[in-house]
Amino acid sequence: MDNRPQTREGIANTLSEAAYGFHNRLMMIPPYRWISAALAYSGISARALLILPPYLWLLLFFLAPFIIVFKISFAEYAISQPPYTALFELIDDVYLQIRLNLENYQLLFQDDLYWRAYLNSVKIAGISTFLALLVGYPLALAMVRAPRQWRLALLMLVILPFWTSFLIRVYAWIGILKKEGLLNLLLLNMGVIDQPLTILNTDIAVYIGIIYSYLPFMVLPLYASLEKMDESLLEAAADLGSRPVKAFWQITFPLSLPGVAAGCFLVFIPAIGEFVIPDLLGGSGTLMIGKTLWAEFFSNRDWPLSSAVAVVLLLLLIIPIVVFQKMQEKNRAL
Amino acid sequence: MAVSGNVVRKKWEPWNDPQARPHVQLIGVSKRFGEFSAVDNISLDIFKGEFFSLLGPSGCGKTTLLRMLAGFEQPSEGQILLEGVDMAGVPPYRRPVNMMFQSYALFPHMSVESNIAFGLKQDKVPKAEIAQRVEEVIDLVQLSSFAKRKPHQLSGGQRQRVALARALIKKPKMLLLDEPLGALDKKLREQTQFELMNIQEKLGITFVIVTHDQEEAMTVSTRIAVMDQGRIVQVATPTEIYEYPNSRYVAGFIGDVNIIEGRVVEVGDSYLNITSQQAGCSIRARHAVDVPAGATVWIALRPEKLVISLEAPQDTSTNCMAGEVWDIGYLGKLSIYHIKLDSGVMVTVAQTNRTRDLERPITWEDRVYLTWTPDAGIVLGQ
Chain V
1 MDNRPQTREG IANTLSEAAY GFHNRLMMIP PYRWISAALA YSGISARALL
51 ILPPYLWLLL FFLAPFIIVF KISFAEYAIS QPPYTALFEL IDDVYLQIRL
101 NLENYQLLFQ DDLYWRAYLN SVKIAGISTF LALLVGYPLA LAMVRAPRQW
151 RLALLMLVIL PFWTSFLIRV YAWIGILKKE GLLNLLLLNM GVIDQPLTIL
201 NTDIAVYIGI IYSYLPFMVL PLYASLEKMD ESLLEAAADL GSRPVKAFWQ
251 ITFPLSLPGV AAGCFLVFIP AIGEFVIPDL LGGSGTLMIG KTLWAEFFSN
301 RDWPLSSAVA VVLLLLLIIP IVVFQKMQEK NRAL
Chain E
1 MAVSGNVVRK KWEPWNDPQA RPHVQLIGVS KRFGEFSAVD NISLDIFKGE
51 FFSLLGPSGC GKTTLLRMLA GFEQPSEGQI LLEGVDMAGV PPYRRPVNMM
101 FQSYALFPHM SVESNIAFGL KQDKVPKAEI AQRVEEVIDL VQLSSFAKRK
151 PHQLSGGQRQ RVALARALIK KPKMLLLDEP LGALDKKLRE QTQFELMNIQ
201 EKLGITFVIV THDQEEAMTV STRIAVMDQG RIVQVATPTE IYEYPNSRYV
251 AGFIGDVNII EGRVVEVGDS YLNITSQQAG CSIRARHAVD VPAGATVWIA
301 LRPEKLVISL EAPQDTSTNC MAGEVWDIGY LGKLSIYHIK LDSGVMVTVA
351 QTNRTRDLER PITWEDRVYL TWTPDAGIVL GQ
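As they're listed, the protein sequences go chains V and E.
Going left to right, the first sequence walks through residues 1 to 334 as the numbering used here numbers them.
Going left to right, the second sequence walks through residues 1 to 382 as the numbering used here numbers them.
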């Protein structure tokens with residue numbers, strides 16, 4: 001009985017010594033020795049090694065293609081394969097000639113088609129983001145307030161549409177919105193209208209499509225931020241004399257602002273460059289930059305110009321992305 | 001339940017005054033969640049200026065009772081009257097009652113100042129008055145230098161003060177405190193208990209506090225309601241609860257106690273004679289419960305009321321248990337002895353260490369005798 005603790009301690013000591021010794025000996029064996037020596041020599045930590053793959057991924061599949069697009073945007077349209085002129089040319093074997101063609105960018109600002117398309121995209125994305133917030137907030141709030149055992153099912157319902165192809169879901173809206181579509185049929189039969197409404201191929205159809213498609217991106221961050229909220233805060237507000245509606249604006253809404261911001265950005269950013277929805281649901285008058293880009297690239301085969309359109313679009317999107325990033329950091333700091 | 005002696009000094013005991021009008025009255029209040037009765041037919045009077053504790057283990061319904069007072073829950077049955085006004089259907093935001101939450105529930109996006117001012121802003125109090133009253137309350141809880149901070153920049157103790165200040169600023173008729181000191185460490189808790197008492201005395205507001213910490217309840221309260229499974233077992237002052245518990249549950253819940261089973265042999269005018277096989281002696285105790293001869297009773301003996309001795313007293317047949325020292329706990333100011341009686345029952349004795357050195361200290365496996373006066377034992381019926 002007396003020497004038992006001693007023994008146990010002894011075992012623990014031997015074990016930890018053994019583990020330590022094993023690790024040390026492992027470091028002496030060639031492949032490990034080289035790796036650890038190289039790491040120690042270069043000053044790279046194991047942590048850096050771990051986050052290297054995602055960086056490499058981004059470098060290979062995001063930054064490198066972007067540099068190619070950026071390069072093409074300074075080229076000239078040519079009837080050749082590939083359909084643009086080279087940027088670098090070696091003349092007389094000694095002169096490196098760089099031909100930067102700024103005409104594409106000039107055109108973007110001169111031809112009002114392009115800047116109108118940009119502006120219109122921002123407008124459509126902005127309005128749909130706001131409408132998605134109006135629809136999504138009550139949804140998220142209702143989900144959070146629902147009995148606990150329902151919440152998972154409700155979350156699943158929000159995510160469920162993702163199981164069907166995006167394209168097919170947008171296509172389905174044509175069947176609903178067209179002149180002899182389901183919506184008009186319903187309204188006519190109910191006697192609400194006596195002439196079918198023209199919704200398909202208008203901006204309204206584009207709004208409907210964007211709000212429908214991006215609603216989960218609005219609801220999920222809102223849900224996450226509302227669910228985090230301590231219920232007793234609302235009780236405290238009520239206890240101090242705040243009616244439920246007032247308490248919502250004083251407590252719930254301000255505390256959900258990070259979720260509101262996240263949701264808005266997640267809808268706004270992809271909506272700006274949206275191509276499928278305006279193409280399928282919008283009319284010929286619906287100007288959006290994604291559609292213009294498509295036409296430039298596939299119909300006109302003007303790679304340099306469409307590259308310039310893409311570069312400007314990306315620069316346009318970087319602003320909200322950076323703002324979003326900053327806000328996220330600020331939230332994390334809290 | 002009269003406390004003997006001590007009639008000369010005038011005492012503040014509105015609950016013993018039949019003329020006094022209760023501040024809060026609970027009449028047959030029950031709260032059921034489905035099949036489960038969280039609060040079961042509770043009737044209770046709380047008087048103005050009281051520091052009233054609801055004490056019980058978790059799940060005994062004390063928090064539900066508090067939430068009914070605040071208006072977050074509606075009673076399934078019964079009435080709650082505040083100054084004679086029925087509170088049924090009055091929502092929390094219209095009750096002249098404020099609550100301090102267990103989690104403090106401070107608004108994380110507001111500064112200390114705005115948190116405290118929140119209640120007054122809801123009532124559209126003029127700005128100048130808000131500023132002045134916020135300053136007063138911030139001074140009261142000694143947070144002047146933290147007014148501009150956000151809750152996450154405060155320590156636990158400071159947050160607790162903000163919560164208290166926020167609940168006090170509207171000068172409620174009653175302040176409800178849900179485990180107000182639960183999140184603080186022991187030292188801070190003890191210090192804060194006295195601060196709470198001072199503030200309560202200064203403002204004269206009725207405090208109703210929910211706690212599972214019996215020491216806390218004993219320290220701060222004018223009266224304690226001990227609860228068990230949705231019912232109130234006993235309502236009395238801390239002294240009465242400790243010295244005159246009305247049941248084995250209360251005796252066991254408040255403080256340490258040895259409970260010994262016995263059988264009444266003789267019922268005298270002022271005393272009972274009890275034989276106990278567990279104690280191994282006959283017990284003489286003050287006559288406090290109505291029991292016939294032959295009935296089984298329990299005698300509650302507080303560890304500090306037993307006297308431990310190595311020498312046998314003159315009379316070993318009455319109020320004297322003999323046993324062997326099984327374990328000793330030396331706590332500095334006192335020593336705890338676990339004694340195994342001849343009947344096999346374990347008994348705890350606490351003795352103050354009055355002297356620094358003893359010629360012959362009590363040690364393991366010593367045969368000892370435990371004696372007590374007839375007043376010390378509490379006789380409890382079924």
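Treat the hints with care, since some could be wrong.
If you want the ones that stay clear, here's a sample from chain V, every Cβ over 12 Å from chain E, calculated [what the hints assert, rightly or not]:
hint: 1; residue: Leu-185
hint: 2; residue: Pro-244
hint: 3; residue: Phe-275
hint: 4; residue: Gly-285
In silico DSS-like pairs for lysine-lysine, Cα to Cα no more than 25 Å straight-line [claimed, not checked]:
hint: 5; chain 1: E; residue 1: Lys-124; chain 2: V; residue 2: Lys-246
hint: 6; chain 1: E; residue 1: Lys-187; chain 2: V; residue 2: Lys-330
hint: 7; chain 1: E; residue 1: Lys-187; chain 2: V; residue 2: Lys-246
hint: 8; chain 1: V; residue 1: Lys-326; chain 2: E; residue 2: Lys-187
hint: 9; chain 1: E; residue 1: Lys-202; chain 2: V; residue 2: Lys-246
hint: 10; chain 1: V; residue 1: Lys-228; chain 2: E; residue 2: Lys-124
hint: 11; chain 1: E; residue 1: Lys-48; chain 2: E; residue 2: Lys-202
hint: 12; chain 1: E; residue 1: Lys-186; chain 2: E; residue 2: Lys-148
hint: 13; chain 1: E; residue 1: Lys-48; chain 2: E; residue 2: Lys-173
hint: 14; chain 1: E; residue 1: Lys-202; chain 2: E; residue 2: Lys-187
hint: 15; chain 1: V; residue 1: Lys-246; chain 2: E; residue 2: Lys-48
hint: 16; chain 1: V; residue 1: Lys-330; chain 2: E; residue 2: Lys-202
If you are wondering where the hints come from, they were derived from the structure by calculation, not from laboratory data.
Backbone N, C-alpha and C fix where the C-beta goes; we use that ideal spot for every residue, glycine too.
Status of each hint after checking the structure:
{"no.": "1", "hint": "Leu-185", "in the structure": "holds (46 Å)"}
{"no.": "2", "hint": "Pro-244", "in the structure": "violated (8 Å)"}
{"no.": "3", "hint": "Phe-275", "in the structure": "holds (39 Å)"}
{"no.": "4", "hint": "Gly-285", "in the structure": "holds (44 Å)"}
{"no.": "5", "hint": "Lys-124(E) with Lys-246(V)", "in the structure": "holds (13 Å)"}
{"no.": "6", "hint": "Lys-187(E) with Lys-330(V)", "in the structure": "violated (36 Å)"}
{"no.": "7", "hint": "Lys-187(E) with Lys-246(V)", "in the structure": "violated (39 Å)"}
{"no.": "8", "hint": "Lys-326(V) with Lys-187(E)", "in the structure": "violated (42 Å)"}
{"no.": "9", "hint": "Lys-202(E) with Lys-246(V)", "in the structure": "violated (33 Å)"}
{"no.": "10", "hint": "Lys-228(V) with Lys-124(E)", "in the structure": "violated (30 Å)"}
{"no.": "11", "hint": "Lys-48(E) with Lys-202(E)", "in the structure": "holds (14 Å)"}
{"no.": "12", "hint": "Lys-186(E) with Lys-148(E)", "in the structure": "violated (28 Å)"}
{"no.": "13", "hint": "Lys-48(E) with Lys-173(E)", "in the structure": "holds (9 Å)"}
{"no.": "14", "hint": "Lys-202(E) with Lys-187(E)", "in the structure": "holds (23 Å)"}
{"no.": "15", "hint": "Lys-246(V) with Lys-48(E)", "in the structure": "violated (32 Å)"}
{"no.": "16", "hint": "Lys-330(V) with Lys-202(E)", "in the structure": "violated (42 Å)"}
Hint compliance for this structure: hints 2, 6, 7, 8, 9, 10, 12, 15 and 16 are not met, and every other hint is.
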